[in-house]
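Undergrad: Chains as they are written, first to last, in the numbering used here: chain R, 1 to 111; chain D, 112 to 226.
Derived from the structure by calculation, the hints contain no laboratory data.
Be a bit skeptical, because a hint or two may be false.
Straight-line C-alpha distance at most 30 Å; calculated DSBU-like pairs for lysine-lysine [to be verified]:
#1 D:189 with R:98
#2 D:135 with R:98
#3 R:98 with D:179
#4 D:179 with D:189
#5 R:26 with R:98
Quick partial rundown of chain R residues pointing at chain D, CB under 8 Å, derived from the structure [unchecked claim]:
#6 41
#7 42
#8 45
#9 49
#10 98
Note that CB positions come from ideal geometry on N, CA and C, so glycine has one too.
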Amino acid sequence: SQQGEEDPQALSIQEGENATMNCSYKTSINNLQWYRQNSGRGLVHLILIRSNEREKHSGRLRVTLDTSKKSSSLLITASRAADTASYFCATDAGSSYKLIFGSGTRLLVRP
Amino acid sequence: DAGVIQSPRHEVTEMGQEVTLRCKPISGHDYLFWYRQTMMRGLELLIYFNNNVPIDDSGMPEDRFSAKMPNASFSTLKIQPSEPRDSAVYFCASSRSTGRSYEQYFGPGTRLTVT
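Starting from the given sequences, assemble the full structure and let the hints guide the process.
TA: Here is the structure:
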């Protein structure tokens, strides 16, 4: 069964707008990661946030983690058409090396 | 670095045939993962290895699936006999245990179609 569930399932925004995706999970974690998948390609790691961290930034990406609510959010600021992709959260399950992926959010950024 | 290499990129086979998918992880990575992605079930972890040893195969759907890692630079996922419900994209990923990054590097995937 999936550990993480993303919300929304799909998101369509205009270039330049911000995109926010949410992830909820069920059991306690050590780390949470976000990945991007372009159509027809493999997943690419974006960012990792540890369970003792609340917020992390990387370029235009901002990730938050609320372990009390078992939820995380990914914010992409000033979106570009090239950000069009599916975004997945992944939580560890027993081992920090074993990841369970959520169902993903499909993001469409309209030029 | 060439990244994770998978072959073939596309495979079309008939039900009942044996299918072998291949993966070459990134040099120096000691973890290797096999995933399956479908619209219905999303991205599922099938099995993963550490230092060529299978650690967790609880995601392998049934005995028709088997995976091996004879050395640090090669792994195979075999389906015998294949069934139409095995149609999916199969990804291989690798990771290294040093540095606590836990980041996984994915290959381009093998799209399997079983008719």
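Undergrad: Each hint: holds or not?
TA: Tested hints:
1. Distance restraint check for residue 189 (chain D) and residue 98 (chain R): the Cα-Cα separation of roughly 21 Å lies within the 30 Å cut-off, and the hinted pair is therefore satisfied.
2. At most 30 Å may separate the alpha-carbon atoms for a hinted pair to count; residue 135 (chain D) and residue 98 (chain R) meet this at roughly 19 Å.
3. Annotation: proposed proximity of residue 98 (chain R) to residue 179 (chain D) holds, straight-line Cα distance about 18 Å (limit 30 Å).
4. Our distance criterion of 30 Å between C-alpha atoms is met by residue 179 (chain D) and residue 189 (chain D), whose separation comes to about 8 Å.
5. A hinted pair counts as satisfied when its Cα atoms are at most 30 Å apart, and residue 26 (chain R) with residue 98 (chain R) qualifies at roughly 15 Å.
6. Hint status for residue 41 (chain R) relative to chain D: holds, with the closest Cβ pair at about 6 Å, below 8 Å.
7. The beta carbon of residue 42 (chain R) comes within 3 Å of a beta carbon in chain D, closer than 8 Å, and the hint placing it at the interface holds.
8. The restraint placing residue 45 (chain R) at the interface with chain D holds, with a minimum CB-CB distance near 4 Å, inside the 8 Å limit.
9. Because the smallest distance between the Cβ of residue 49 (chain R) and any Cβ of chain D comes to about 11 Å, over 8 Å, the interface hint for this residue is violated.
10. Taken as an interface hint, residue 98 (chain R) checks out: its beta carbon lies about 6 Å from the nearest beta carbon of chain D, inside 8 Å.
Comparing the model with each earlier hint shows a violation of hint 9 alone; every other hint is respected.
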